[in-house]
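Colleague: These protein sequences, in sequence, are chains Z and C.
Residue 115 is where the first sequence ends in the numbering used here, and the numbering goes up by one at each step.
Residue 117 is where the second sequence ends in the numbering used here, and the numbering goes up by one at each step.
Derived by calculation from the structure, the hints in this document are not laboratory data.
Incorrect hints may appear among the rest.
To be verified - The list that follows gives simulated cross-link-like pairs (lysine to aspartate or glutamate, DMTMM-like), each with its CA atoms no further than 25 Å apart: (1) C:Lys55 to Z:Glu22; (2) Z:Lys3 to C:Glu61; (3) Z:Lys13 to Z:Glu30; (4) Z:Lys3 to Z:Glu69; (5) C:Lys104 to Z:Asp28; (6) C:Lys104 to Z:Asp26; (7) C:Lys116 to C:Glu61; (8) C:Lys104 to Z:Glu22; (9) Z:Lys57 to C:Glu29; (10) C:Lys104 to Z:Glu56; (11) C:Lys116 to C:Glu29; (12) Z:Lys103 to C:Asp86; (13) Z:Lys103 to C:Glu52; (14) C:Lys116 to Z:Asp28; (15) Z:Lys103 to C:Glu29; (16) Z:Lys13 to Z:Glu79; (17) Z:Lys18 to Z:Asp38; (18) C:Lys104 to Z:Glu72; (19) Z:Lys70 to Z:Glu22; (20) C:Lys104 to Z:Glu17; (21) Z:Lys3 to C:Asp86; (22) C:Lys70 to C:Glu52.
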Amino acid sequence: DVKVTQSSRYLVKRTGEKVFLECVQDMDHENMFWYRQDPGLGLRLIYFSYDVKMKEKGDIPEGYSVSREKKERFSLILESASTNQTSMYLCASSPFPGQGDEKLFFGSGTQLSVL
Amino acid sequence: AQTVTQSQPEMSVQEAETVTLSCTYDTSENNYYLFWYKQPPSRQMILVIRQEAYKQQNATENRFSVNFQKAAKSFSLKISDSQLGDTAMYFCAFIYYGSSNTGKLIFGQGTTLQVKP
Chain Z
1 DVKVTQSSRY
11 LVKRTGEKVF
21 LECVQDMDHE
31 NMFWYRQDPG
41 LGLRLIYFSY
51 DVKMKEKGDI
61 PEGYSVSREK
71 KERFSLILES
81 ASTNQTSMYL
91 CASSPFPGQG
101 DEKLFFGSGT
111 QLSVL
Chain C
1 AQTVTQSQPE
11 MSVQEAETVT
21 LSCTYDTSEN
31 NYYLFWYKQP
41 PSRQMILVIR
51 QEAYKQQNAT
61 ENRFSVNFQK
71 AAKSFSLKIS
81 DSQLGDTAMY
91 FCAFIYYGSS
101 NTGKLIFGQG
111 TTLQVKP
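Please model the complete structure; the sequences and the hints are all you need to start from.
Modeller: Here's what the structure looks like:
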């Protein structure tokens, strides 16, 4: 089974801190994604990457950056955390289309609280 | 812009009964897939069912089935013989392949389903 692992389940940080959320997948997937989940808003795409060192902005990239130095690892960075970034963060991965497995595999989420 | 709308924030159903969750979407794409994901209290997103847009036949997975109306851009989920373990938040989503061919998954707002004993 595909495994997508997020390094922390719960995280508490202070306003202004630099925060790293790590995600690792073990299925050699090309695509990786970061979403945030907020009540009533569903999941919104922050950034995605379709190859090592490649990244594209999603719908809400402001205040975030990402890093993908290795194929299996995709990091989300909050350069200076703010209280409005308190949320659940979900990482996901998927293979390239055309391989008959067009779907996303998700990690179990990181609940981030910024105080 | 691609959007997915779930108009029912919360629903409840008695155990063993049938419930239908609604979803509409908007896209100008022709090549896409539709999904229902389930998120139980454990927070792990679980794929419930998948539908290819080019297939007219509605997908089924055991007690779960969809009613896919492509012209109306509607994709509802029917859960038959509801079980307590079906209690979860359900997300409707669709994936399309843009210029970078990455397959971005667009989600609805979610519907919280409670199955009552």
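Colleague: Checking one constraint from the list: CA of Lys104 of chain C to CA of Asp28 of chain Z, max 25 Å. Satisfied?
Modeller: holds (18 Å)
Colleague: Keeping to a limit of 25 Å between CA atoms, is the pair of Lys104 of chain C and Glu56 of chain Z held or broken?
Modeller: holds (11 Å)
Colleague: For Lys104 of chain C and Asp26 of chain Z, compute the direct alpha-carbon distance and say whether it is at most 25 Å.
Modeller: The hint holds at about 20 Å.
Colleague: Quickly compare the C-alpha distance for Lys104 of chain C and Glu17 of chain Z to 25 Å and report which way the hint goes.
Modeller: violated (30 Å)
Colleague: Would you check the hint for Lys3 of chain Z and Glu69 of chain Z, treating anything up to 25 Å between C-alpha atoms as holding?
Modeller: Satisfied, since the Cα-Cα distance of roughly 19 Å is no more than 25 Å.
Colleague: Lys103 of chain Z and Glu52 of chain C: Cα distance at most 25 Å?
Modeller: holds (11 Å)
Colleague: Holds or violated: Lys116 of chain C and Glu29 of chain C, Cα atoms, limit 25 Å.
Modeller: Status violated; Cα separation ~39 Å.
Colleague: Would the pair Lys70 of chain C and Glu52 of chain C pass a check requiring their Cα atoms to be no farther apart than 25 Å?
Modeller: holds (11 Å)
Colleague: Would you check the hint for Lys103 of chain Z and Asp86 of chain C, treating anything up to 25 Å between C-alpha atoms as holding?
Modeller: Holds - the C-alpha atoms of Asp86 of chain C and Lys103 of chain Z are around 21 Å apart, at most 25 Å.
Colleague: Between the alpha carbons of Lys13 of chain Z and Glu79 of chain Z, is the straight-line distance 25 Å or under?
Modeller: holds (12 Å)
Colleague: Are Lys3 of chain Z and Asp86 of chain C close enough, with their CA atoms no more than 25 Å apart?
Modeller: holds (23 Å)
Colleague: Assess, step by step, whether the Cα of Lys116 of chain C is no farther than 25 Å from the Cα of Glu61 of chain C, and give holds or violated.
Modeller: Roughly 22 Å separates the two Cα atoms, so the pair holds.
Violated hints, listed in ascending order, are 1, 3, 11, 14, 20; each of the other numbered hints is respected by the structure.
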